[in-house]
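A.B. asks: One line per chain: the protein sequences are D and C, in this order. For the record, in the first sequence the residue sitting at position 337 is 337 according to UniProt numbering, with numbers rising by one throughout. For the record, in the second sequence the residue sitting at position 160 is 160 according to UniProt numbering, with numbers rising by one throughout.
Each hint should be verified, as a subset may be incorrect.
Which copy? The list can't say, so a pair holds if one copy fits it or any two copies do.
[What the hints assert, rightly or not] Result set (EDC-like, lysine to aspartate or glutamate): computed pairs, CA atoms no more than 16 Å apart in a straight line: (1) Lys28 x Asp2; (2) Lys152 x Glu25; (3) Lys28 x Glu336.
Worth flagging that the hints you see were computed from the coordinates, not collected in a lab.
2 protein chains.
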Amino acid sequence: MDKLSVGLLGFGTVGTGVVHLLTNEQEKFRQQTGTQILINKILVKDPDKIRKIDQYNQLLTTEPSDIVDNPEIDIVIEVMGGIEESRKHIHTALKNKKHVITANKDLMALHGSELLQAAANQGCDLYYEASVGGGIPILRGLTDGLAADRIKKLIGIVNGTTNYILSKMSHHSVSYEEVLQEAQSLGFAESDPSSDVEGLDAARKMVILSHLAYSIPVTLDDVVVEGITHVAEEDILYSKKLGYTIKLVGIAELDNGEIDVRVAPTLLPTNHPLASVDNEYNAIYVYGHSVGETMFYGPGAGELPTAIAVVSDLISVAKNMKHGINGQHIFLPQNEKKLKPADSIESQYFLRLHVKDEPGALSKITGLFNEQEMSLQKVIQEPIVSKKLAEVVIITHTTNQQRFEQIYQLLADLDVVIDVKSNYRVEGMN
Amino acid sequence: MDKLSVGLLGFGTVGTGVVHLLTNEQEKFRQQTGTQILINKILVKDPDKIRKIDQYNQLLTTEPSDIVDNPEIDIVIEVMGGIEESRKHIHTALKNKKHVITANKDLMALHGSELLQAAANQGCDLYYEASVGGGIPILRGLTDGLAADRIKKLIGIVNGTTNYILSKMSHHSVSYEEVLQEAQSLGFAESDPSSDVEGLDAARKMVILSHLAYSIPVTLDDVVVEGITHVAEEDILYSKKLGYTIKLVGIAELDNGEIDVRVAPTLLPTNHPLASVDNEYNAIYVYGHSVGETMFYGPGAGELPTAIAVVSDLISVAKNMKHGINGQHIFLPQNEKKLKPADSIESQYFLRLHVKDEPGALSKITGLFNEQEMSLQKVIQEPIVSKKLAEVVIITHTTNQQRFEQIYQLLADLDVVIDVKSNYRVEGMN
Chain D
1 MDKLSVGLLG FGTVGTGVVH LLTNEQEKFR QQTGTQILIN KILVKDPDKI
51 RKIDQYNQLL TTEPSDIVDN PEIDIVIEVM GGIEESRKHI HTALKNKKHV
101 ITANKDLMAL HGSELLQAAA NQGCDLYYEA SVGGGIPILR GLTDGLAADR
151 IKKLIGIVNG TTNYILSKMS HHSVSYEEVL QEAQSLGFAE SDPSSDVEGL
201 DAARKMVILS HLAYSIPVTL DDVVVEGITH VAEEDILYSK KLGYTIKLVG
251 IAELDNGEID VRVAPTLLPT NHPLASVDNE YNAIYVYGHS VGETMFYGPG
301 AGELPTAIAV VSDLISVAKN MKHGINGQHI FLPQNEKKLK PADSIESQYF
351 LRLHVKDEPG ALSKITGLFN EQEMSLQKVI QEPIVSKKLA EVVIITHTTN
401 QQRFEQIYQL LADLDVVIDV KSNYRVEGMN
Chain C
1 MDKLSVGLLG FGTVGTGVVH LLTNEQEKFR QQTGTQILIN KILVKDPDKI
51 RKIDQYNQLL TTEPSDIVDN PEIDIVIEVM GGIEESRKHI HTALKNKKHV
101 ITANKDLMAL HGSELLQAAA NQGCDLYYEA SVGGGIPILR GLTDGLAADR
151 IKKLIGIVNG TTNYILSKMS HHSVSYEEVL QEAQSLGFAE SDPSSDVEGL
201 DAARKMVILS HLAYSIPVTL DDVVVEGITH VAEEDILYSK KLGYTIKLVG
251 IAELDNGEID VRVAPTLLPT NHPLASVDNE YNAIYVYGHS VGETMFYGPG
301 AGELPTAIAV VSDLISVAKN MKHGINGQHI FLPQNEKKLK PADSIESQYF
351 LRLHVKDEPG ALSKITGLFN EQEMSLQKVI QEPIVSKKLA EVVIITHTTN
401 QQRFEQIYQL LADLDVVIDV KSNYRVEGMN
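Please put together the full structure from these sequences, using the hints given.
C.D. replies: Put into structure tokens, the structure is as follows:
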């Protein structure tokens with residue numbers, strides 16, 4: 001095996017990064033794998049487009065089967081994105097006994113188990129480190145580095161766009177709309193940002209992480225998802241006053257064999273390591289039964305960081321080929337899925353209310369909590385003179401979701417409460 | 001291979017953690033490796049000592065050859081510490097074709113290359129994830145997760161004792177001596193803390209990290225080491241005023257094929273992710289040419305975190321045995337060692353001076369920097385009324401070490417300068 005032949009599906013941002021590395025670091029990779037890695041074909045939509053790298057123009061094709069059915073090609077790298085087409089191509093590649101590397105979180109979140117099973121059946125590798133956390137080697141961290149431990153909780157900042165927006169809102173006191181526009185003009189947010197800002201992208205990554213951390217076949221439908229479009233400047237301001245930062249995090253928690261996975265804007269104490277993960281950076285915070293707390297931090301996206309994850313996978317595949325052990329490192333969920341019921345999902349909560357500016361209003365509110373035997377950790381009341389009302393911000397002690405929802409309803413119905421403006425979970429205290 | 005037999009050299013803190021995991025997580029490890037992992041013998045000094053775990057008392061031995069020459073044993077776990085004895089035992093174990101896992105940073109820093117070469121010759125595994133960063137999977141991060149990248153710089157908080165001391169000094173404004181005493185009484189520092197507080201422990205870990213990150217055979221003699229015993233409360237106070245935190249960090253930097261490795265108290269900007277790594281936590285910050293900046297964070301020591309690293313290695317060895325690829329993952333330094341000369345080691349510097357409280361003193365000092373064409377980023381002058389002198393604190397712009405040493409000498413010789421109290425590098429700005 002003195003040469004390995006690679007076909008790329010896609011030549012966009014990540015594809016360009018991969019080609020860049022394979023071109024400039026040939027000698028390094030040859031040293032590491034004992035073999036030369038050569039690009040054979042690259043699938044593109046438009047072969048005539050002007051590209052940053054033009055030395056491979058004679059390898060471009062618009063015909064997928066030039067790659068997935070090409071007997072010369074050993075390894076297929078899928079960096080085209082999308083779901084149905086890439087799913088089909090990967091199945092064909094596996095059927096033809098090609099090893100596959102993908103950076104496609106959408107695909108792996110929706111059809112990961114099916115594709116991994118197909119790879120295992122064929123004795124092929126299917127690696128996807130780049131699908132979560134860009135250049136952060138978090139999937140290997142979970143499957144190898146922390147292999148001996150039982151994970152009890154993961155908290156991840158796994159979407160760069162929303163972290164950029166919330167960081168800017170927090171550091172510069174500007175509104176969601178303003179930052180979104182700026183992020184779009186800088187290329188940090190897509191022109192249609194909905195999959196990012198509504199939390200779907202993060203949810204997909206949490207599905208992938210949950211499979212590896214817990215070996216449980218969580219699906220996207222199991223993930224409770226809340227985006228950041230309704231996060232107000234006031235929420236951020238009051239959080240700061242109380243010593244917290246609002247981040248869009250994914251949380252996957254296993255307790256007594258029951259799992260809960262959610263994505264939502266969440267308050268973290270400002271001294272929590274995740275609270276200082278800013279802008280487009282990602283980080284995954286792992287709570288292990290034995291190891292305690294570890295964190296993996298780095299760039300969550302970008303041409304070269306993501307390409308590093310893809311090519312590190314490629315090096316693993318090449319080594320596996322050398323040792324004849326392809327398809328042996330595939331993790332398929334082994335454990336049964338039991339979702340955690342609302343009355344055992346525990347958390348602290350942040351509430352921001354608009355209340356009538358009249359004597360006894362606050363006392364009615366705290367009275368309700370007292371009556372319901374839910375204790376409060378912090379309370380702020382401030383008048384909003386211009387609107388002739390008062391703003392009350394509350395952080396509860398730990399309670400369960402069911403109890404919280406009951407009290408939320410009672411609060412909303414209270415005569416002195418004009419509106420419950422927002423509520424978020426508070427994490428990272430334990 | 002339905003059973004694997006393990007012998008432990010040592011039954012102290014880490015050994016107890018390993019035995020705990022192997023006892024309580026048998027079923028999990030059997031699922032992961034397809035084999036049952038059984039403890040065969042445990043080497044101890046005193047078999048009659050009362051232990052936390054007493055169910056293995058009949059497996060205790062005081063005779064090393066019961067383990068390293070025992071044909072029943074497949075894998076030897078060295079958690080006894082020390083250097084010459086453990087080195088001898090590991091050589092014997094390898095000679096007898098046993099795979100070895102060690103948590104011994106001192107041994108790996110001094111004799112790693114020799115032991116790894118012996119393991120490679122025998123076709124045996126030698127893993128040592130636990131030797132750096134306790135439960136943080138940093139060695140795998142460098143060799144697998146970031147395999148495709150070229151590392152240009154590592155900054156590591158790799159010693160928990162000194163990080164605990166500096167954190168407490170910084171957060172509670174107490175002296176080094178007071179915190180050291182407290183740390184000793186709490187068990188965070190040894191009764192003879194010299195190897196920690198003088199930076200030697202961190203230096204050993206930097207040797208191991210440098211081997212893996214750069215594939216260069218750095219030795220302990222190549223590491224410039226400065227401990228924390230002279231870090232004054234004033235240094236910490238002025239650093240804070242200027243927006244920095246002092247941490248004992250190891251820095252390993254490769255540039256133009258030239259390497260520099262050092263351990264020293266260093267200023268980091270307070271918003272740098274390493275600055276908020278507090279108390280006994282460790283973190284390794286990695287600058288890759290392509291990946292950019294990543295960080296691995298977690299508990300740097302402790303019974304169970306360290307045991308997780310050891311047993312994760314054990315799972316790797318078991319999988320390698322299943323696939324018949326032991327000894328294939330040994331990294332021996334491949335590149336030539338060229339140390340960076342002082343005139344190409346670049347950094348910013350912090351200086352704290354005691355100067356005569358007389359008109360024109362500061363101007364003489366800044367005049368000297370001006371004359372020497374070294375520009376200053378920040379200057380503070382404050383009187384110390386009780387001592388009738390003034391304190392001047394300076395942060396320079398980036399310069400090279402040779403130039404800095406020249407200017408340091410000129411400063412010390414200046415008639416208005418009573419004493420240069422301290423000087424540290426300032427890192428993490430690029």
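A.B. asks: Next step is simple, just say for each hint if it's right about the structure.
C.D. replies: Structure-based check of all given hints:
1. In this homomeric assembly, Lys28 and Asp2 come within 16 Å of each other (Cα to Cα) only inside a single copy, at 15 Å, whereas the closest approach across copies is 38 Å.
2. Proximity of Lys152 to Glu25 under the C-alpha cut-off of 16 Å is restricted to the inter-copy arrangement: shortest distance 15 Å between copies versus 39 Å within a copy.
3. In this assembly of identical chains, Lys28 and Glu336 lie within 16 Å of each other by CA distance solely across copies; the values are 15 Å between and 43 Å within a copy.
Taken one by one, the earlier hints all hold for this structure without exception.
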